[in-house]
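Student: Spelled out from the first residue to the last, the chains are:
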Amino acid sequence: MANIMIRKGDKGYVFYMPKRDIEDSIVSMEFDTPEKWGGEIKLGNGGIYFIEPQAAPARLPYSVRAKRIDGVE
Amino acid sequence: MGLLNREEAEALIQEVLEVYPEKAKKDRAKHLMVNDKKLESAKKCITSNRKSVPGVMTQRGCAYAGAKGVVWGPFKDIIDISHGPIGCGQYSRGGRRNYYSGIAGVDSFCDLMFSSDFQEKDIVFGGDKKLAKLIDEVESLFPLSKAISVQSECPIGLIGDDIEAVSKKKAAEIGKTIVPVRCEGFRGVSQSLGHHISNDAIRDWVISNRDGKLDAGTPYDVAILGDYNIGGDAWASRILLEEMGLNVVAQWSGDGTIAEIENTPKAKLNLLHCYRSMNYIARHMEEKYGIPWLEYNFFGPTKIAESLREIASHFDDTIKEGAERVIAKYQPAMDAIIAKFKPRLQGKKVMLYVGGLRPRHTVGAYEDLGMEVVGAGYEFAHNDDYDRTIKELKDATLIYDDATGYELEEFVRQVKPDLVGSGIKEKYAFHKMGVPFRQMHSWDYSGPYHGYDGFAVFARDMDMTVNNPCWSMFKAPWQKPAEEPEAKAA
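So the protein sequences, as listed, match chains A and B.
Here the first sequence is numbered in the numbering used here, starting from 1 and rising by one per residue.
Here the second sequence is numbered in the numbering used here, starting from 74 and rising by one per residue.
Excised from the complex, chain B in its bound form (with noise of 0.2 Å):
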C-alpha cells in the first residue's frame, strides 16, 4: 500500500474510532488528526495534554517518572532519593542508559538507587524521622555526593509528610544542596507535569545557588539544557559545539553536575534540545539573567548543519566560520553514509509514537536516509508540540495524541509501515506482529543518535532494523505454500 491521502488517512482514523463507546469515541476524536501543513496553531485540530480516558491501555508515565527518570536521575554528582515504597524506584532504575563518566557508587550515582522503603507504620506515623535517617546514612556511606534530592512517591503527598522542612534542616546540617521534589506520581496527567515541577524546584532552590558570585566568563559560553545522554547523546553534541569554538559550561542533565547546574546563569546562550522537559528553566533564566534561549536539533546531517548556523548566528564571525569548518569536516563522512544506506532504506515508511521532542526532530534524519514518516505522535505533549510538528511533517501524515494500545496496532495494520520507532511497551506487541521495530526512547541499547557521530550510528541501526532477514521468516515452514514434494524425496 502507498502513502495514506488525505481521505483514506481520514477513514482510517473512523474506522479506528468505530470500536469505541459513544463517550470514549468523542474524547478520543479530539487527539487524532491528519496533518496539514497551511495550519498555524495545532490547537483547533488536536486536543493534548489531557487525561487518558480509563479502560484503555495508555502508554504514559507519572510526574515520578519525568521528575526521577527523566530530569534528575541524570546529574551524576546528586543523590536521587526516591521517598516512598520500594518499587518506584527500583523499576525506574538504570534503565535509560544516561552515560556518564565517572565512578559508579564513590562519585557518580546514576546507577544505583536510593529508596527510604516506605512500610505500613511509616505510613501511619509518617516518614520524615525515616527520611533524615537516610540523609545521614546516604552522607556517611557516599560523602563524595555533592547534593542531594528526595523525590516523593505518591504516599507522601497523600500523608501530607513536610519533606521541606527536613531537606532545610538536614541541608543546613551537613553543609550541601539537599532538594524536596514534590513530584508525587498522581499530580498531572502525564510524566510532562513532572518535568515541569523539576524545573521548578531547580529554579526555587539550586540555580541561584551562586549568585554574585560567579565569574563573567567568555563571550562564548553556552549550555545544553535537555540533553540526557542517552547512549552518550550529549558527548556527540558538545564536541560539535566544542569545535566551532563555543566553551559548553554545561550539560541538563545527562553527564552534569550540580555545580554545572549552579554555574548556567554565566551561559551567553542556552541550547534546548529537548523543549518539553526543560523549557521552563530556560523561560525562568532568560527573564531572571537575560539569557536567550534557542531550541535546536541534532538528528541528521542536514537539521545539524540548519541548527549549527543557526547557533552560530548569535555569536560573532569566528564562531560562524568555526560553525562552517565544523559542517565542511564532516560533510564528506555523511555523504558517505548516506550513499550507502540511502539505497537499502529508500522510501521505506516510518511510524513514530515517542515522547519529549522525537517525534518532529527524527523526522529530518529519516528525510536524509531517503525514509518516509507517515505517522507521528507523543504520549504526554503539548499544543505548542504539536505546533512545532506540523511543519515537520509532510501533509496527510498521521498524528496522534496520547495513543491507545490499540489505536497504535490498528494503525500500523492499516497503514503497514516498514518501520515502527517506539517505546519498550510497544516493543514487542510490534515483533509479535511481524514488523521491524525500534525503540526510541532509549534507541534501543544502542546510540548515540545526536550529533554527525550519532547520525552513522542511526543510519547504521535503522538499516539492520529494516532489512534485517528475520522479518522474512515469520511464517512457519509448514505454512507456506507446498514445494513440490517429489523434488524434494528425489
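So here's chain A without its partners, still in its complex pose (with noise of 0.2 Å):
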C-alpha cells in the first residue's frame, strides 16, 4: 500500500507516487462515476493498481492509498 496523488492531466487522470517519484497517465480507471471511483487503474507504464473504490473526490488532485497489483515499481 502506497500514497497515490491523482490529478487531472490535459488527457485525463495522471498518476504520481511521491515516495517512488513515479508520474505517469493512467490508461484506464474501472469506475469513474461520480458515485463510484477507483478500482484497478492502468498506467501508461504498464502498472496495475487498485484503489478502493469511494464516492468521486470533490476537487483534483486527490491523495490515495493504492495498492500495487502488478507492474513495474
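Don't take every hint at face value.
Unchecked claim - Far from chain B, some chain A residues (derived; all Cβ distances over 10 Å): (1) TYR13; (2) ILE26; (3) PRO34; (4) LYS36; (5) ARG68.
Unchecked claim - Calculated pairs, DSS-like style, for lysine-lysine (alpha carbon to alpha carbon, straight line, at most 27 Å): (6) B:LYS241 to A:LYS19; (7) B:LYS361 to A:LYS11; (8) B:LYS393 to B:LYS415; (9) B:LYS548 to B:LYS421; (10) A:LYS8 to B:LYS111; (11) B:LYS219 to B:LYS203.
Just so you know, the hints here were simulated from the structure itself, not pulled from any lab data.
Cβ atoms here follow ideal geometry from the backbone N, Cα and C, with glycine treated the same way.
Two chains, each in its own frame: build the complex with the hints.
Tutor: Below, the structure is given as C-alpha cells:
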C-alpha cells in the first residue's frame, strides 16, 4: 500500500507516487462515475494499481491509498 | 570530428563500458542511452535514481547537501543549524552564491555557518541537550532571525536523537518556528531525497502556519518556486514577471523569507523553475490549496518568450498584453547579443553534466547562440526528468545518468566537444585535458543566467570560455614542431 496522488492532466488522469517519484498517465480506471470511483487503474508504463472504490473526490488532485497489483515499481 | 550519428554513439557507449567488470558493466549500461526523440517515456531506455556502483567515482552529493545546501540554505532569515559534527556544515557554507538583500549576521544568515560541533561524548550521551543550548545561544546572539531549521547530519539518525521533541519545546519557548529536517546524509541515493525531505518538512512545519489568516491577495499573485538566486538569477526572473503585471509574493528559496513561505498559499499560480527540487511542494499546494503549477524556462530568449506566453495564458488579457510588451521590449537587445556572439560560437559543441534542471533547460539558450548540445546528463534526476529531457535534445545525443568520472572523461575524449559544462569536481580534470569548461552549478562565479539580463551574461561567458586564447597554449614551446633554427639565430 502506498500513497498516490491523482490529478487531472491534459489527457485524462495522471498518476503520481511521491515515495518513488513515479508519474504516469492513467490509461484506464475501472469505475469513473460520481458515485463509484476507483478500482483497478492501469498506467501508461504497464503498472496496475488498485484503489478502494469510493465516491468520486470533489476536487482533484486527490491523495489516496493504492495497492500495487502488477507491473513496474 | 563531426556530430555522432546513432551507430557511432552506441559504439562509443559500448567502448566505454568495456573496461568495467561484468556486473558493473551490466549495471552501468542501463544508465547510458542515445537520445531518440520518438520515445514517449525514457523509462525503457534509461534507469535513474538508483544507488551508484561502489568503486566508481560518482559525482553525487548526499541528502544533507540537498536539504541544507539547496533548499533551506538560501532562505535568508532562517538560521540553518547543521546538527552534528563540524565538517558537513563548514564545507557546505557559502559555496553556492545564493545572493540575498540584507545584512549578514544581523537579519540574513546565508553566509554564516551554525553547527552543534558534535564530539565523542555527544555521540555517546546524545546531543539533544546540546541542541537546546545551541538554540538558546542562537536566539540571544541573533534575535532578528525569524525561524530556525535543524538540519541533521548522519550521526543524528544513527544514535536516534529526538530533534523533533527539542524543536517543539524550544519553538514554544522562544516563539519562533523551528523546523527539524531529517536529512541525514545516508538517506536515499543522492541529494534528490534531501530535496524531497525538505519539501516535506516545509509542508509539515511551515506552510500551514497562516491557514485561515491570509488575505485573498490580488488575482495576479504568483510564487517563484525552485529558483535559488544563484548570482542573482531569481531577481533577473522576478523583474520580468513584475514587468508583465504579475505580483510575485514569494521566492523559493533564493532571497526568500519564512514570511514568503507562509504567504505562498495565496498565490494564484506556482511557477516552478527547478522541477526536481520543488515539485513535491507544488503538488502539495495544488491538492491542499488548489493552486495550479507550471514549469517554465528562463534560459535564452526563445525559451523565455515561450515561457512568458505560457505563464500569461493562465491570466487575463492585461497580463497577456504585458507579456507581449516585455518580449517586444527586450527582443532588440537580445537580437544584438545574438548578432554579436553567434558568429563566434556557431557550430560549437557542448556537453553538459549537471543536476536539477540545467541539462534540459539550457539547451534552448545554447541553440539561440548557434551551439549544439551533443551530450547531456544528470547527477540525480529521476525518470520524469528524462521524459522531459528527450524532447529537448536532438536525436542521437548521448544521455548519461549518474556518470562516473571515467565515463565523462572518455566521452569528452572521444566526442571532443568545444565546451563542457559541469560541476567543480569535474572542472579541473577537464582543464587539465585542455577542454574549455564552465562550472554550471553556480555559473563559475558569474551570473545571473536566468531572464533576459541573464542571457547577456550567459552569452558573454560562453564566448570568453570557448574562444579564450589560453586553449591554444596547451603545448609547451619545446613540444611544438621545431621552427627554422637559422631564422631564429639571425
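Student: Hint by hint, say whether it matches the structure.
Tutor: Verification of the supplied hints:
Against the 10 Å criterion, TYR13 (chain A) stays outside the reach of chain B, whose nearest CB is about 14 Å from its own CB. Look at ILE26 (chain A): its CB is around 14 Å from the nearest CB on chain B, clear of 10 Å, so calling it non-interface holds up. Every Cβ of chain B is farther than 10 Å from the Cβ of PRO34 (chain A); the closest lies at roughly 19 Å, confirming the non-interface assignment. Against the 10 Å criterion, LYS36 (chain A) stays outside the reach of chain B, whose nearest CB is about 22 Å from its own CB.
Its beta-carbon lying about 16 Å from the closest one in chain B, ARG68 (chain A) satisfies the requirement of being farther than 10 Å from that chain. At most 27 Å may separate the alpha-carbon atoms for a hinted pair to count; LYS241 (chain B) and LYS19 (chain A) meet this at roughly 26 Å. For the hint linking LYS361 (chain B) to LYS11 (chain A), the alpha-carbon distance of about 22 Å falls within 27 Å, and the restraint holds. The suggested pairing of LYS393 (chain B) with LYS415 (chain B) is violated, with an alpha-carbon distance near 30 Å, which exceeds 27 Å.
In summary, the hint linking LYS548 (chain B) to LYS421 (chain B) is supported, as the alpha carbons are separated by about 22 Å, within the 27 Å threshold. For a cut-off of 27 Å, the pair hint linking LYS8 (chain A) to LYS111 (chain B) stands: about 24 Å separates their Cα positions. As the CA atoms of LYS219 (chain B) and LYS203 (chain B) are separated by approximately 21 Å, the hinted pair is consistent with the 27 Å bound.
Comparing the model with each numbered hint stated earlier shows that hint 8 is the single one that does not hold.
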